[in-house]
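Going by UniProt numbering, the sequence shown opens with residue 1, and the numbers climb by one from there.
Derived by calculation from the structure, the hints in this document are not laboratory data. Glycine included, each C-beta is placed from N, C-alpha and C at the ideal position. One thing to keep in mind: the hints can contain errors.
Under the rule of at most 27 Å between Cα atoms (straight-line distance), these lysine-lysine pairs were calculated in the DSS-like manner [to be verified]:
#  : residue 1 : residue 2
1  : LYS11     : LYS134
2  : LYS121    : LYS3
3  : LYS11     : LYS122
4  : LYS134    : LYS121
5  : LYS35     : LYS122
6  : LYS35     : LYS3
7  : LYS134    : LYS122
8  : LYS11     : LYS121
9  : LYS35     : LYS121
10 : LYS122    : LYS3
11 : LYS11     : LYS35
Pair ranges (Cβ atoms, derived) [to be verified]:
#  : residue 1 : residue 2 : range
12 : GLN26     : MET142    : 45 to 55 Å
13 : GLU17     : GLY84     : 25 to 35 Å
14 : ALA130    : ASP70     : 19 to 29 Å
15 : PRO69     : VAL114    : 18 to 28 Å
16 : ARG131    : LEU24     : 32 to 42 Å
17 : THR14     : ARG131    : 15 to 25 Å
18 : HIS76     : PRO32     : 19 to 29 Å
19 : ASP21     : SER141    : 40 to 50 Å
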Amino acid sequence: MSKETCILTTKDFTIVEVMRDRCLGQDDPLAPILKRKIESAIVMFRDDVPDDVATMSSRVTFSVNGRDPDTRIISHDRMTSTVGMFLPVTTLRGLALLGLAEGERFAFTNRDGVEERILLKKVDYQPEAARREKDALERHSMGQASVKPSLRLIRGAFYDRAPMVAVSPDGFDDPGPSAA
1 MSKETCILTT KDFTIVEVMR DRCLGQDDPL APILKRKIES AIVMFRDDVP DDVATMSSRV
61 TFSVNGRDPD TRIISHDRMT STVGMFLPVT TLRGLALLGL AEGERFAFTN RDGVEERILL
121 KKVDYQPEAA RREKDALERH SMGQASVKPS LRLIRGAFYD RAPMVAVSPD GFDDPGPSAA
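Use the sequences and the hints to build the structure in full.
Quick look at the structure:
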């Protein structure tokens, strides 16, 4: 049997610890999961977390007991936006997914006493990975900014036209009221 591990950012670990401190005791269904997460946690800075790990605010695709996959955003608490978009870590499934890597499973007993096995199929979006990608693009563009851009001037049709000539020698082309 392999040792269970859970990869958490420093922020996610702090959230899990606060949840454990506010836990209602052993009767709270989150208590055993919180204990397992804290005991098996590998805590990392957000810049070091692998891209395939479910962190807070990650959009993940998962399956419960082999059923059809579902996609949700792991959130800190219940959200007031669209129903079915978020999966709070204050729920058994949300907490179970936090810290898992793609392909990992987590088994727990739900409120009805039935064992559920949750499989993290894919991390579709991870804020830490998106931040690293954005920073890398900015660093790359800053490196490019120091290079002087090379421009090639292309003469257009404006330069090929004949110059405009005034109608009268004094440069005034209004014939006056007699022309009306």
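Hint compliance check: list the failing hint numbers for this structure, sorted ascending.
none
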